[in-house]
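Those protein sequence lines, which keep their order, are chains A and B. Under my numbering, the very last position in the first sequence is 442; numbers go up by exactly one each time. Under my numbering, the very last position in the second sequence is 104; numbers go up by exactly one each time.
To be clear, the hints were calculated from the coordinates, so they are not data collected in a lab. Backbone N, C-alpha and C define an ideal beta-carbon position, used for all residues, glycine too. Among the hints, erroneous ones may be present.
Covered by chain A, per the in silico footprint, the following chain B stretches (three or more residues, Cβ under 8 Å) [said to hold, decoys possible]:
| no. | stretch |
| --- | --- |
| 1 | 8 to 14 |
| 2 | 27 to 37 |
| 3 | 57 to 67 |
Below, computed lysine-lysine pairings styled on DSSO-like, alpha-carbon distance capped at 27 Å [what the hints assert, rightly or not]:
| no. | chain 1 | residue 1 | chain 2 | residue 2 |
| --- | --- | --- | --- | --- |
| 4 | B | LYS96 | A | LYS339 |
| 5 | B | LYS30 | B | LYS91 |
| 6 | B | LYS96 | B | LYS(-5) |
| 7 | B | LYS30 | B | LYS62 |
| 8 | B | LYS96 | B | LYS8 |
| 9 | B | LYS96 | B | LYS30 |
| 10 | B | LYS91 | A | LYS339 |
| 11 | B | LYS8 | B | LYS91 |
| 12 | B | LYS30 | A | LYS339 |
Restraint ranges, calculated between C-beta atoms of paired labels, are given here [said to hold, decoys possible]:
| no. | chain 1 | residue 1 | chain 2 | residue 2 | range |
| --- | --- | --- | --- | --- | --- |
| 13 | B | PRO104 | A | LYS344 | 38 to 48 Å |
| 14 | B | PRO33 | A | SER348 | 31 to 41 Å |
| 15 | A | GLY346 | B | GLN0 | 16 to 26 Å |
| 16 | B | GLY54 | A | GLY333 | 18 to 28 Å |
| 17 | A | ARG438 | B | PRO104 | 42 to 52 Å |
| 18 | A | MET371 | B | GLU18 | 16 to 26 Å |
| 19 | A | LEU442 | B | LYS62 | 43 to 53 Å |
The lines below spell out each chain.
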Amino acid sequence: NAGVTQTPKFQVLKTGQSMTLQCAQDMNHEYMSWYRQDPGMGLRLIHYSVGAGITDQGEVPNGYNVSRSTTEDFPLRLLSAAPSQTSVYFCASSYSTPGELFFGEGSRLTVL
Amino acid sequence: AQKVTQAQTEISVVEKEDVTLDCVYETRDTTYYLFWYKQPPSGELVFLIRRNSFDEQNEISGRYSWNFQKSTSSFNFTITASQVVDSAVYFCALNRDDKIIFGKGTRLHILP
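Between the sequences and the hints, there should be enough to build the whole structure, so can you do that?
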């Protein structure tokens, strides 16, 4: 009973490097989203998707790309990492929107 | 624009006391949903409740209760007879179309 799985859980990058945070869910949820959590800032929405082939921007999309080729997967790409992207990233899914979000365990990213 | 304000950044109470977490929201929509999530020290995010704008009945679930008042745009959360296990960060959230926007959270410390 995996739910929402994020990998990796921890990652250290150098400024300018690129990487992809993976997110997969096995609940057949149409809705998926990415948030970042920074101290004192709560959870801020980066990108979201209401179904395969459909993505849209959230509150803080700059510096991040997403795609949704399957219902199960929703990867988040950092094209050129910056220290301001040091954060904890959460992937979430929901059967529909606006429904209960099921969150992954989070991925802690440090950009040096 | 949609907005969620949790004015209490941090609260400390002694175990068995009652505590209320405030949530004030702004929206131009007539139909919307409000949420509460809990983030214990272990870091996972746990759904607590979803309430739609047409249902102003208060809800009680064990020691937890929620008071939704459209007249004051508030959706407050009360924990009765608090326990150490209630120590967590609590987030209030509001949907804006397909986006779920979170407040900055209230960190609750329950002192033994």
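Quiz item: Going through the earlier hints one by one, which of them does the structure break, listed in rising order?
Solution: 1, 3, 11, 15 and 17
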